[in-house]
Amino acid sequence: MIGWYVHDHGSGHAQRLAAVTPHLRTPVTVLSSLAPRPDVPGDWLQLADDLPTGHDTDVSAGGTLHWAPRHHRGLLERGAEIAGWVARARPSLVVVDVSVEVAVLVRSLGVPVVVAAMRGQRTDRAHATAYDLASALLAPWPASLPEPWPSSWLDKTWHVGALSRLDGRPSRPAPGGRRVVVLWGQGGGEVSLSEVRAAERATPGWSWDVIGLPGGLWVADPWPLLQAADVVVTSAGQNALAEVAAARRPAVVLPQERPYDEQRANAAALSRAGLAVVRQAWPAPEQWSAVLDEASALDGERWAQWSDGRGAERAAALLDEAALDGSAPDVGRQEVACAPR
244 MIGWYVHDHG
254 SGHAQRLAAV
264 TPHLRTPVTV
274 LSSLAPRPDV
284 PGDWLQLADD
294 LPTGHDTDVS
304 AGGTLHWAPR
314 HHRGLLERGA
324 EIAGWVARAR
334 PSLVVVDVSV
344 EVAVLVRSLG
354 VPVVVAAMRG
364 QRTDRAHATA
374 YDLASALLAP
384 WPASLPEPWP
394 SSWLDKTWHV
404 GALSRLDGRP
414 SRPAPGGRRV
424 VVLWGQGGGE
434 VSLSEVRAAE
444 RATPGWSWDV
454 IGLPGGLWVA
464 DPWPLLQAAD
474 VVVTSAGQNA
484 LAEVAAARRP
494 AVVLPQERPY
504 DEQRANAAAL
514 SRAGLAVVRQ
524 AWPAPEQWSA
534 VLDEASALDG
544 ERWAQWSDGR
554 GAERAAALLD
564 EAALDGSAPD
574 VGRQEVACAP
584 R
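To convert, count from 1 in the sequence shown and add 243; that's our numbering.
Bear in mind the hints are in silico, worked out from the structure with no lab data behind them.
Keep in mind it's a predicted model, so treat the numbers as computed, not measured.
One or more of the hints may lead you astray.
Ranges between beta-carbon positions, derived for each pair [to be verified]: (1) A323 - G420: 50 to 60 Å; (2) G327 - P457: 38 to 48 Å; (3) D286 - G420: 40 to 50 Å; (4) Q364 - D398: 16 to 26 Å; (5) R444 - H266: 38 to 48 Å; (6) H298 - H266: 35 to 45 Å; (7) S437 - Q523: 13 to 23 Å; (8) R421 - P265: 34 to 44 Å; (9) Q364 - P457: 24 to 34 Å; (10) G419 - D568: 43 to 53 Å; (11) G459 - S532: 17 to 27 Å.
Where a beta carbon is used, it is the ideal one built from N, C-alpha and C, also for glycine.
With the hints as constraints, model all of the structure from the sequences given.
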């Protein structure tokens, strides 16, 4: 049995779960305050929420944790629910995506933990505790573009490449019709629909579609629109990048402000590899024509370095192996190869 804790902010954590679980042979129970998802096989334990109450105190427990406010009823209930499930189910391991507190709790109960890794500044005391105690760090990026981590972390990192629900679908070349798709996530950001419309007016030779921003389209499956795009404009969230990589589309990437500079670290890795046009802020309307021309000159097939379409299968195989023998497979720093599909 594998447990999989899913954080409830945004959609990215649940999307990674949905990408990997269909490939697992080991039974899975999801632990989350999110409602169950029909696209995720296995059992689902819906936890009490631990949302802020407005009068929370000492939330970091003296800087040792991220969210552990004193006498928070929901926090107490979810901790008891997780511990009770561990006692009943006796899982071989638990994937934590993401919570330092859940990682510490589960490992304190004697259960190995695989932590879903995130780029950015993760050397604060709380993150360091979770990354140190993890049996493995599941990194949805290639080893050729690593984070500047301590060797003790890199030695146990599974570099599986990007994880996307769209992996494995056959992509086709960009149509060449000068079409832009703005792909945004639910985690929030500094870009507004009015800024997009201003960019659209300044680029009369391009047509624009908007997915995810308030006032734009919302689609359950972005694949048809991505395949119709010549250039995708997106944030630097892990899941947005994974979907663009799966579609093999040239991209303009605009990292948004996130805790620990996660998106800026993602964007920096893309820039080093020349995989996308990166801008640190939304360009002025008059700059967009040149930005789109620069992006359209990129070869979308270069995304194979970021994702070969088998990241979810690779992650599932490693988790199955770890669950079978009760410890994380020793993959060390070796690259889990990403090659064109």
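Here's how the hints hold up against the structure:
1. A323 - G420: 50 to 60 Å: 56 Å, holds
2. G327 - P457: 38 to 48 Å: 39 Å, holds
3. D286 - G420: 40 to 50 Å: Roughly 46 Å apart at Cβ, these two residues keep to the hinted range, so it holds.
4. Q364 - D398: 16 to 26 Å: 20 Å, holds
5. R444 - H266: 38 to 48 Å: 44 Å Cβ-Cβ, so the 38 to 48 Å window holds.
6. H298 - H266: 35 to 45 Å: 44 Å, holds
7. S437 - Q523: 13 to 23 Å: The hinted range 13 to 23 Å holds for S437 and Q523, with Cβ atoms some 20 Å apart.
8. R421 - P265: 34 to 44 Å: 36 Å, holds
9. Q364 - P457: 24 to 34 Å: 29 Å, holds
10. G419 - D568: 43 to 53 Å: 51 Å, holds
11. G459 - S532: 17 to 27 Å: Because 21 Å falls inside the window, the suggested range holds.
The earlier numbered hints are all upheld by this structure, with none contradicted.
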